[in-house]
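2 protein chains.
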Amino acid sequence: MTYAICNSKTFSSPTISPVCSYPNFQITPAMAMAMATAIKRSASAATRAISSATSSSILTRDLHASSGKKKIVGVFYKAHEYAKMNPNFLGCVENALGIRNWLESQGHEYVVTDDKEGPDCELEKHIPDAHVIITTPFHPGYITAERIKKAKNLQLLLTAGIGSDHVDLKAAADAGLTVAEVTGSNVVSVAEDELMRILILVRNFLPGYHQVISGDWNVAGIAYRAYDLEGKTVGTVGCGRIGRLLLQRLKPFGCNLLYHDRIKMDPELENQIGASFEEDLDTMLPKCDIVVINTPLTEKTKGLFDKERIAKLKKGVLIVNNARGAIMDTQAVADGCSSGHIGGYSGDVWYPQPAPKDHPWRYMPNQAMTPHISGTTIDAQLRYAAGVKDMLENYFKGEDFPAQHYIVKEGELASQYR
Amino acid sequence: MTYAICNSKTFSSPTISPVCSYPNFQITPAMAMAMATAIKRSASAATRAISSATSSSILTRDLHASSGKKKIVGVFYKAHEYAKMNPNFLGCVENALGIRNWLESQGHEYVVTDDKEGPDCELEKHIPDAHVIITTPFHPGYITAERIKKAKNLQLLLTAGIGSDHVDLKAAADAGLTVAEVTGSNVVSVAEDELMRILILVRNFLPGYHQVISGDWNVAGIAYRAYDLEGKTVGTVGCGRIGRLLLQRLKPFGCNLLYHDRIKMDPELENQIGASFEEDLDTMLPKCDIVVINTPLTEKTKGLFDKERIAKLKKGVLIVNNARGAIMDTQAVADGCSSGHIGGYSGDVWYPQPAPKDHPWRYMPNQAMTPHISGTTIDAQLRYAAGVKDMLENYFKGEDFPAQHYIVKEGELASQYR
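Sequence lines, in order, name chains A and B. Every number in this note's numbering is 1 more than the matching position in the first sequence, counting from 1. Every number in this note's numbering is 1 more than the matching position in the second sequence, counting from 1.
Read the hints as simulated data drawn from the structure, not as lab findings. Note that the structure is predicted; figures quoted are calculated from it, not measured. Incorrect hints may appear among the rest.
When chains are identical, the list treats them as one kind, so a pair holds in a single copy or across two.
[What the hints assert, rightly or not] Below, computed lysine-lysine pairings styled on DSSO-like, alpha-carbon distance capped at 27 Å: (1) Lys265 with Lys252; (2) Lys153 with Lys398; (3) Lys301 with Lys79; (4) Lys85 with Lys316; (5) Lys233 with Lys252.
Only chain A is shown next, with the shape it has when bound in the complex (with noise of 0.2 Å):
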């Protein structure tokens, strides 16, 4: 199993991580340190709160303490005819991460649905006695405050995947909860579909197919807006792990790469990525022809191009964003792609999940979307449901996880969702 080359979503240290990136934002080591104890003493409080009201103390939430038969609950898509397909296709409720032997075998219990809204669902059932939930970002399992109020029993939350937006963090932090995820897992396979989807819109690519299934040949109504990557400027919200990835294969192709985030890349690493970087996003912003968003959501990103930022960028701008859907305004994509302003837009992320049938990113010029599909590839399956194991063994155990998949570890957040 390979993992990805980049190493910062480490949680223990309150130095600054440069895995996300706030416009206009920067967070100096004092303000995290004081973040830091101020996040510790709100758990703190919630921790007493919490023992007050259930004579549980936070020693039965904390990882360390768990032993004893636990109660598993997965939430995954569900795949029908297709789940049987393709042997290493462990990431839906019928294939259940292909642990179900393993756990039941130890006496554990692992209940497995993809139903997961409202007051009536398969999930609302189980989190009153689950110690352990476990979901992904393609199907989220939203874990909100007053899900986590219900679980008395819950322990640890597992993304198999990256990105644990889907979980109230603050509250799951305040109830002494663990939140991990497997940080590296599918991080390759979204940054090769963002290059892809680069191409796809700088190339006009559907146009060109659409002319071919409908049994037409007009190779002029392509060209006159296909162009090559070379020579354009690519610029990153965000240069974590993804974002690294990313330019790291746009190098061959001959653009002017840029990156905007939090801090800047060691210099023999940027250098050996040849990516300029950006201290101000809206500096960076009109000078590219591409933008990718490599930005986690969060309170802070939530909402950030909207129409004034958009309305910002280079006409006929191309956007990527494999990101969040949240991260952009909906409605003013919609009507950016239609007036022109943006040429083009391509990302697997919507808001919300899955996209109901009237979500006008459906239905706007120029886009070539997918469903949430980049980080589960059959590849990066193998790897999350292979890290999902490995962390429910240490768990099991009473151990420690790799220190960067913590999300969120005795009362505190990783610095990427500070």
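Assemble the complex: chain A is given as a structure, and chain B must be docked to it using the hints.
Here is chain B on its own, set in the frame of chain A:
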């Protein structure tokens, strides 16, 4: 203007060029020498025949003897309403490579048309007195032996782009014509497009896009056959300029890269690109998860991928072909896609072109086809329009072209077409 870094398609030397590859067929330098001598002999014979029949000598058809006002005929695709949508859209009938004023101000006649088929077409009408014919691979004016016979004034055939198989090269050589193309003008364009197509097939993009536009959301229906490119084996059949540019772009993806060609690359370049040489095509092919065709269409590569050869490929193989449609057996490809033996097929080349409405590749499963577009991006058009202008300028002055542009010169074919 930046041309490709590789520079292997030189005409003047009788040594072996690494531009194209023939399966199971190795031309030794001695054979190449013998062939060149034979071609020169036949060219001289043809010259004598023409001289006696028309009282013109080879000199009147030779590039270096040209002088005075010329009639230039351009065959391009029509762009209709798209012609005005982009000032750099030069490669269409309406914009005529952007050289009309320049030609006419010097007193030359410049006729352009898209009407190129049958005995009554516009091209046929201008054949008898044209001195120069310019055409493109995207909407090829087929210059047959019969047309060459009728073209009493013809001296020069220019391809705005790369690939001159629309010309009967032997007939052109026998008639003492010069054939040249803008070598390097769109190699980057085609290589980028190939990498896009590899990713579209490996990652199973199109079923996801279809779900979006039809109001569906079914991640499983995409994921069960979506993979990462990382770790897969990619083999290129032919490793000239385009093949090498593709391999360079593939390098950071962490694939196992193979190439088959008539000769092995310089060890330093091979090491830098990170690809392994496969001397025997049929030994390489069964190793490949993805096969990319990068060989010109010649008598030896026509129908190279027939039913038997396709049957020997790995089950589920993905094929990308931006070279020429006729390298494949059309029905064998369609049958392979239908049976699932071919897991996906993508390319922009067909036989014939434009592809008729009932061409089976339009309707076979798991195809990601477009009309012939990869080499006619706006960037490529700017380069090949400039390259054609430069060669016309040379021609008017009686100067030589850059050596690598020649396809037929003084009765001799460039090595990749021998």
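These are the hints, each one checked on the structure:
no. : hint               : result
1   : Lys265 with Lys252 : both (18 Å within a copy, 26 Å between copies)
2   : Lys153 with Lys398 : within (21 Å within a copy, 89 Å between copies)
3   : Lys301 with Lys79  : neither (33 Å within a copy, 50 Å between copies)
4   : Lys85 with Lys316  : between (47 Å within a copy, 18 Å between copies)
5   : Lys233 with Lys252 : both (12 Å within a copy, 20 Å between copies)
Violated hint for the displayed structure: number 3, the only one.
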